[in-house]
Every structure is written in structure tokens, then in C-alpha cells.
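2 protein chains.
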Amino acid sequence: MKETSKISNAVIRRLPRYRRLLKELMNKGTERISSNEMSALIGYTASQIRQDLNNFGGFGQQGYGYNVAMLHDQIGLILGLDQSYKMIIVGSGNLGQAIANYATYYKTGFQVVAMFDVNPKLIGISINGIEVQDYENLDSYLASNQIDIGIICTTKSSAQEVASCMSNFGVRGIWNFAPVDINVDEDIVVENVHLSDSLNTLVYYISNNQKP
Amino acid sequence: MKETSKISNAVIRRLPRYRRLLKELMNKGTERISSNEMSALIGYTASQIRQDLNNFGGFGQQGYGYNVAMLHDQIGLILGLDQSYKMIIVGSGNLGQAIANYATYYKTGFQVVAMFDVNPKLIGISINGIEVQDYENLDSYLASNQIDIGIICTTKSSAQEVASCMSNFGVRGIWNFAPVDINVDEDIVVENVHLSDSLNTLVYYISNNQKP
Numbered sequence: 001m002k003e004t005s006k007i008s009n010a011v012i013r014r015l016p017r018y019r020r021l022l023k024e025l026m027n028k029g030t031e032r033i034s035s036n037e038m039s040a041l042i043g044y045t046a047s048q049i050r051q052d053l054n055n056f057g058g059f060g061q062q063g064y065g066y067n068v069a070m071l072h073d074q075i076g077l078i079l080g081l082d083q084s085y086k087m088i089i090v091g092s093g094n095l096g097q098a099i100a101n102y103a104t105y106y107k108t109g110f111q112v113v114a115m116f117d118v119n120p121k122l123i124g125i126s127i128n129g130i131e132v133q134d135y136e137n138l139d140s141y142l143a144s145n146q147i148d149i150g151i152i153c154t155t156k157s158s159a160q161e162v163a164s165c166m167s168n169f170g171v172r173g174i175w176n177f178a179p180v181d182i183n184v185d186e187d188i189v190v191e192n193v194h195l196s197d198s199l200n201t202l203v204y205y206i207s208n209n210q211k212p
Numbered sequence: 001m002k003e004t005s006k007i008s009n010a011v012i013r014r015l016p017r018y019r020r021l022l023k024e025l026m027n028k029g030t031e032r033i034s035s036n037e038m039s040a041l042i043g044y045t046a047s048q049i050r051q052d053l054n055n056f057g058g059f060g061q062q063g064y065g066y067n068v069a070m071l072h073d074q075i076g077l078i079l080g081l082d083q084s085y086k087m088i089i090v091g092s093g094n095l096g097q098a099i100a101n102y103a104t105y106y107k108t109g110f111q112v113v114a115m116f117d118v119n120p121k122l123i124g125i126s127i128n129g130i131e132v133q134d135y136e137n138l139d140s141y142l143a144s145n146q147i148d149i150g151i152i153c154t155t156k157s158s159a160q161e162v163a164s165c166m167s168n169f170g171v172r173g174i175w176n177f178a179p180v181d182i183n184v185d186e187d188i189v190v191e192n193v194h195l196s197d198s199l200n201t202l203v204y205y206i207s208n209n210q211k212p
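Order-wise, the sequence lines are chains P and G.
Those letters in the first sequence? Residues 1 to 212, by the numbering used here.
Those letters in the second sequence? Residues 1 to 212, by the numbering used here.
Just so you know, these hints were derived from the structure itself, not from any lab.
Given the structure is predicted, the values throughout are model-derived calculations rather than measurements.
Idealized CB from N, CA, C, for every residue including glycine.
Hints may contain errors.
List time: in silico DSS-like cross-link candidates among lysine-lysine, alpha-carbon distance up to 25 Å [said to hold, decoys possible]: (1) G:Lys-156 <-> P:Lys-211; (2) P:Lys-156 <-> G:Lys-6; (3) G:Lys-211 <-> P:Lys-6; (4) G:Lys-121 <-> G:Lys-156; (5) G:Lys-121 <-> P:Lys-156; (6) G:Lys-86 <-> G:Lys-156; (7) G:Lys-211 <-> P:Lys-86; (8) P:Lys-121 <-> P:Lys-156; (9) P:Lys-23 <-> G:Lys-156; (10) G:Lys-86 <-> P:Lys-211; (11) P:Lys-156 <-> P:Lys-86; (12) G:Lys-121 <-> P:Lys-121; (13) G:Lys-6 <-> P:Lys-211; (14) G:Lys-156 <-> P:Lys-28; (15) G:Lys-23 <-> P:Lys-156.
From the structure, some residues in chain P lie toward chain G, with a derived Cβ separation under 7 Å [stated by the list, open to error]: (16) Arg-13; (17) Leu-79; (18) Gly-80; (19) Asn-94; (20) Asp-197; (21) Asn-200; (22) Thr-201; (23) Tyr-205; (24) Ile-206; (25) Pro-212.
Please build the complete structure, drawing on both the sequences and the hints.
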């Protein structure tokens, strides 16, 4: 499964959505599903669903469809959710705390192992059992701990400095919530979450009286 | 501009990204840009950029390119950002508070006018000058105030009830951060923010040693 290459980003972005749908179906006791039935539930065409999944070898059988639990697990494997990931959060205000709670609660393979902030009011408090450390400690922490994912919940103006620090110390990926695109070494994966893009998209449909 | 129809969701989702880039260029004093130059900065092909913008009439001139400030403003108009939107937040924990701060700070056209929660520890506190109200008041508040956007920052289990209430009282759009897809009347626009999809996409690239 790990030799896959050149799968388009759009396909990869649909995989978590498929997996969520399959999980809901599992919870309802559904054992198998056709691409047509998935299409009705998820809004992509049946042909697109089949094409997406065929990128990874195809998991369906003509006349049977997909085994829901198997497909759910296979997509998890493709996404790398069978592995565990050590994460740190820099910026421990409301957003950082929300992410810490969220990540711990919903994601068994994801572990927030440290949090940092510059604000003396936040340094020392405990979020889900993790003590917020002084941002001054970030370098030395990263020098002595192998971290998979750095989560940036700082202001726009601090984000690049934090990203460069994470990058220098070999973090594998950065999940950036600061409203600015950051630049780091080419071998580091960056996922920018631009909440304003999402709000702007919503507003397009409201103001044009349309539906997506 | 408002007669546009049947523009694909993928195109609409790229517009805020274009607008952010143009804003950055304006801040740097750039007055005009070609689709090729935009392509190098944003990663989409020049042909896709031209095609996307042609959906709305096309704003470029052969041999000149695009006027940065004009295109920025036009995209804002297309997205409906020339209008203002009254928003309420239901669920005023860390995430709700983060969204309240974020929306107020970055979006002049967006106004958070009320916040709600069930937690007695949160009811009565003030976030950016907005007092968190008892969730019990939501119905009566919505009955006497016209709200454009309802923001759901509750737990998964409460989200559908909140969405139905917003829907019943004529909210135009719902921005849903609860990790569950909600169902409401067809004429209400729903934008689901699934943070786990974003994290899962990041992890795909990390675990497969690829770049998006």
C-alpha cells in the first residue's frame, strides 16, 4: 500500500470523508455498500468513488460492492492511521486548548505530548494533563524529543518563527492554524487550516442564494 | 455578478485562496500579476486560474495580466464579502471562544452578536464583550433576532439539535465545527469543518513520505 505515488491531492482529501461515512455505516450495522449507494450518501458520483478507490487497487467486487468494515480499515491504512504520532502544540490559548482536547478525545493514534506559550498566565496550567511550558523551552524540548507533528496555534506574526524552529529540529509535518501560509524545508509536510476560507465559502452560497 | 450559477464547488473553494494571495501582493505593493506568476505562487496551473476567473467574466487583459487590487475586490464581491453578517455561536468552550476572537479580529463584515452554552461555569462570562447566555434562551433569542450564520461548536451529540433549532428559526447558513455531518432544511447552507479530515490528510503525506 505504501508504494502508492502521484495520487492527486483532491483524491487524498476525499479519503477521510469516505472513511467517516464508512464508520457511520459500521455504527448502523451496514455490512456492504455499492458505489451508487455511497454516492447517494456522500454526494460524489459513483464513478468518482470507484475511480478514487481504484487508485489504491480497488476494494470492491462486481455485484457485491464494498465490504464496509474492510474498506474503512483499508482507508485507515492508506492514510497511515495504523501508526501513532507524537504532537506538540505551540500557542496554548483557546484554539490550542481546543485542539488539545479534540485531538486527545477523538484520535487514539495521536498523542499531544507537550504544549507551549509565551503568555505567563498560560505557562504552568494543565490541559488534559499536559502542562503548558514556556515557549523559551521549545528549542531544547525539540532537541531531545522526536516529534512527528507540530501544531501552530499562535498569532499570524509568530507563526513563521515557530514553523522554522519546528522545521530545524526535524518535525515531520506541521498543522498550521495561524492565518498565514508558512514556508519551511521541502521535506516537511505543511497542512494549513484557513478557517476564513471556509467561512468565505459559506458566505458565497448565502449571498448568492445557492447550495453547494 | 449575482446571477452566476452552476459554478462548481471546487472553483468557489479556490476563490478565498486567490483573494488571500492578492491581499498579500497588495501588502507588498504589487500592482499587477499574470496568471503564470500567480500559478508560481499558489500552485494551481495558470490555465486553471484563468478558467476559474473566467467563470465570473474574466478580469485579466492579454499582455497586462490582472490588476491586483481590482481582482481582490472583485473576488470579495463575488464571495459576498461586501455585505455584513450577524452570527451566533452555540457552544462557548475553548473552540467557541477561539472562533469568537478570530471572527471579530479578522473579519470586519462578520459580527458575533450572541454566544450560548449549557455549562453554568461559562454562562455569564464575557468573550470580546459578548456575554455567554444560557442555551435555554436560544429559541427566544432566534425568534426575535434575524441571524445570518449559526456557528456550532458543541459536542457531536448536541450538534443536530442545535442545527435543527437554528434551521427552524431561519438562520441562512450554518458553520459546523462539531465532528458530525448535520441535516437541515434544503434552503440552509451548511459548511462542515472536519478538522480530523485535515489531520488525516497531513498524516497521509507524512506516513507515505510524500509531498502534496
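Hints, one by one, checked against the model:
Taking the CA atoms of G:Lys-156 and P:Lys-211, the gap is about 24 Å. The hint holds against a cut of 25 Å. Annotation: proposed proximity of P:Lys-156 to G:Lys-6 is violated, straight-line Cα distance about 35 Å (limit 25 Å). For the hint pairing G:Lys-211 with P:Lys-6, the CA-to-CA distance comes to about 10 Å; that is within 25 Å, so the pair holds. As the CA atoms of G:Lys-121 and G:Lys-156 are separated by approximately 20 Å, the hinted pair is consistent with the 25 Å bound.
Simply put, G:Lys-121 and P:Lys-156 have alpha-carbon atoms about 30 Å apart, too far for the 25 Å limit, and the pair is violated. Using a Cα cut-off of 25 Å, the hinted pair G:Lys-86 and G:Lys-156 holds, with the two alpha carbons roughly 24 Å apart. Our distance criterion of 25 Å between C-alpha atoms is met by G:Lys-211 and P:Lys-86, whose separation comes to about 20 Å. Of the pairs offered as hints, the one joining P:Lys-121 and P:Lys-156 holds, with about 20 Å between alpha carbons and a cut-off of 25 Å not exceeded.
For the given pair, P:Lys-23 sits about 14 Å from G:Lys-156 by alpha-carbon distance, which is consistent with the 25 Å threshold. Between G:Lys-86 and P:Lys-211 the alpha-carbon distance is near 20 Å, which keeps this suggested pair within the 25 Å criterion. With a CA separation close to 24 Å, the supplied pair P:Lys-156 and P:Lys-86 stays within the 25 Å bound. Of the pairs offered as hints, the one joining G:Lys-121 and P:Lys-121 holds, with about 19 Å between alpha carbons and a cut-off of 25 Å not exceeded.
Among the hinted pairs, G:Lys-6 with P:Lys-211 is consistent with the structure: their alpha-carbon atoms are about 10 Å apart, no more than 25 Å. A C-alpha spacing of about 16 Å is found between G:Lys-156 and P:Lys-28, which places the hinted pair at or below 25 Å, so the restraint holds. Between G:Lys-23 and P:Lys-156 the alpha-carbon distance is near 15 Å, which keeps this suggested pair within the 25 Å criterion. Interface hint at P:Arg-13: satisfied, since its Cβ lies 6 Å from the closest Cβ of chain G, which is below the 7 Å cut-off.
With a least beta-carbon distance of about 5 Å to chain G, the hint placing P:Leu-79 at the interface is held under the 7 Å criterion. Against a cut-off of 7 Å between C-beta atoms, the interface hint on P:Gly-80 holds, since the closest Cβ of chain G lies about 3 Å away. The interface hint given for P:Asn-94 holds, since its Cβ lies 4 Å from the closest Cβ of chain G, which is under the 7 Å cut-off. The closest approach between the C-beta of P:Asp-197 and any C-beta of chain G is roughly 4 Å, which is under the 7 Å cut-off, so the hint is satisfied.
The restraint placing P:Asn-200 at the interface with chain G holds, with a minimum CB-CB distance near 4 Å, inside the 7 Å limit. Taking 7 Å as the C-beta contact cut-off toward chain G, the hint placing P:Thr-201 at the interface holds, the least distance being around 6 Å. The interface hint given for P:Tyr-205 holds, since its Cβ lies 4 Å from the closest Cβ of chain G, which is under the 7 Å cut-off. Given hint, P:Ile-206 at the interface with chain G, holds; its Cβ is 5 Å from that chain's nearest Cβ, closer than 7 Å.
For the restraint placing P:Pro-212 at the interface with chain G, the shortest Cβ-Cβ distance is roughly 5 Å, inside the 7 Å limit, so the hint holds.
Violation of the numbered hints given earlier is confined to hints 2, 5; the remaining hints are satisfied by the structure.
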